[in-house]
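First residue of the sequence shown? That's 1 in full-length UniProt numbering, and the numbers climb one at a time after it.
It should be emphasised that the hints constitute simulated quantities derived from the structure, not laboratory data.
Careful: at least some of the hints might be erroneous.
EDC-like mimics (lysine to aspartate or glutamate), calculated; alpha carbons at most 16 Å apart, straight line [said to hold, decoys possible]: (1) Lys401 <-> Glu253; (2) Lys89 <-> Asp214; (3) Lys114 <-> Asp247.
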Amino acid sequence: MTATGLKSVITENTLNIAKNTTAQLIGKIISVAITVGATIIITRSYGREAYGDFNLMQAFPGLFFIIADFGLNAIVAREITKHPELEQKYFSNTLLLRILISVTLMIFGLFIVKLRNYAPQLELGINLSLLLIATQALLATTNIIFQTKKRLYLATISNLIGYIAILLLIIILAKANASVIWVNFAYVIGGVISLIFAIYKLKQLGVLFKLEFDLPLIKRLLVATLPLGLMFVFSQINFKIDTLLLDAASLPESFGLNRAETLAIYGLAYKIFEVALVIPTFFMNAAYPRIIEKSSSSKEELRQVMFKVLGSMAILGLAATLGILITAPILITIIGGNNFILSIYALRLLALGLPIFFLTQPLSWLIVTLEKQNYLPKIYFLVALTNLLLNIHFIPLYSYKAAAVITWLCELLVLGLLTYYAKKSWKEYYTEQI
1 MTATGLKSVI TENTLNIAKN TTAQLIGKII SVAITVGATI IITRSYGREA YGDFNLMQAF
61 PGLFFIIADF GLNAIVAREI TKHPELEQKY FSNTLLLRIL ISVTLMIFGL FIVKLRNYAP
121 QLELGINLSL LLIATQALLA TTNIIFQTKK RLYLATISNL IGYIAILLLI IILAKANASV
181 IWVNFAYVIG GVISLIFAIY KLKQLGVLFK LEFDLPLIKR LLVATLPLGL MFVFSQINFK
241 IDTLLLDAAS LPESFGLNRA ETLAIYGLAY KIFEVALVIP TFFMNAAYPR IIEKSSSSKE
301 ELRQVMFKVL GSMAILGLAA TLGILITAPI LITIIGGNNF ILSIYALRLL ALGLPIFFLT
361 QPLSWLIVTL EKQNYLPKIY FLVALTNLLL NIHFIPLYSY KAAAVITWLC ELLVLGLLTY
421 YAKKSWKEYY TEQI
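Required output: the full structure, derived from the provided sequences and hints.
Here it is in structure tokens:
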């Protein structure tokens, strides 16, 4: 290929990544605006304690979202990129696996909720929200095709349609003074609407939303995804355990907050924090196919792509931290009002660690690309255990403040371990290629 031709290909790929990332970010800005609007309605219409219960209803299925992924998206996207002629077979078998995993997680969730002895209304709300595990898992499965075909903007449109439905339902329910349980259930309905649109678009792309059972393929996928799946289990425990421990632990009386109020204060800050974490996720969704391609061509080209990705992530992470530190009072006041002033401090504590989260994602996917995902479970198991022990010890002393700081301290441990194993994986992968 000539230098001009090579430059043209690089430019085309760069523009493709930029196009998909920009489309997702624009979509996320709109969906965030809708989420903010919905949160304002809930906090103002139902108060701090009810918002705390709402946050717990969202936290339970949230614990299982990434577990339901079980690493399938990354592995299947990699295989479809290498073998596009097997696209339908991979998709249909993955869909079957996702349904089985989701049903298992929902049953497990029902069992855990029963053990907690919540008030009947709160228990009902959490149980209904467990349906989100299925809607999110099926939507994630459709994203495999949108990603490999470089049509991630379709996933964005699908999500936006669902978010608009959620907002409209919340407005109607709040005006009718409906229970916060049904406000929470609006998210399930929105997920179903998003899924219907995604299925329609898949058909236009030539992929049918159907199940297929190919036992050898399923076994191969499970073996390939087991390390990554275990990583997701431990990673999600690491990411969500603080909210569940704030619900279960004895909280310090000096803070003057009960369980629901503590969950509300921390939950509002964490919601904004999670929005910021969408940026590296979207960037990696767009860049991952490019990283896979370079891993099959040239070590030097892959090195250049990774340096660009890591550099971009570092800049974005620092910008996000600075932006949140400055705007935290405005954001919290607009979204929650004066009853949530304490969320400003929690948000600023969380924001200090944003650059770390931006850097860990590309390193994780580099290890997966180099087919060394066996290293990932041990990393995230160690960090999840550390997170659990730190939160058990410090939450009874410092409440949500401890949870916020421990969140990014543990991610710093993740970054150190990922850096070590990424270097090790790189050396092993290219030694094997010789």
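Comparing the hints with the structure gives:
This hinted pair checks out: Lys401 and Glu253 have alpha carbons roughly 14 Å apart, not beyond 16 Å. Taking the CA atoms of Lys89 and Asp214, the gap is about 8 Å. The hint holds against a cut of 16 Å. Using a Cα cut-off of 16 Å, the hinted pair Lys114 and Asp247 holds, with the two alpha carbons roughly 15 Å apart.
Comparing the model with each earlier hint shows no violations; every hint is respected.
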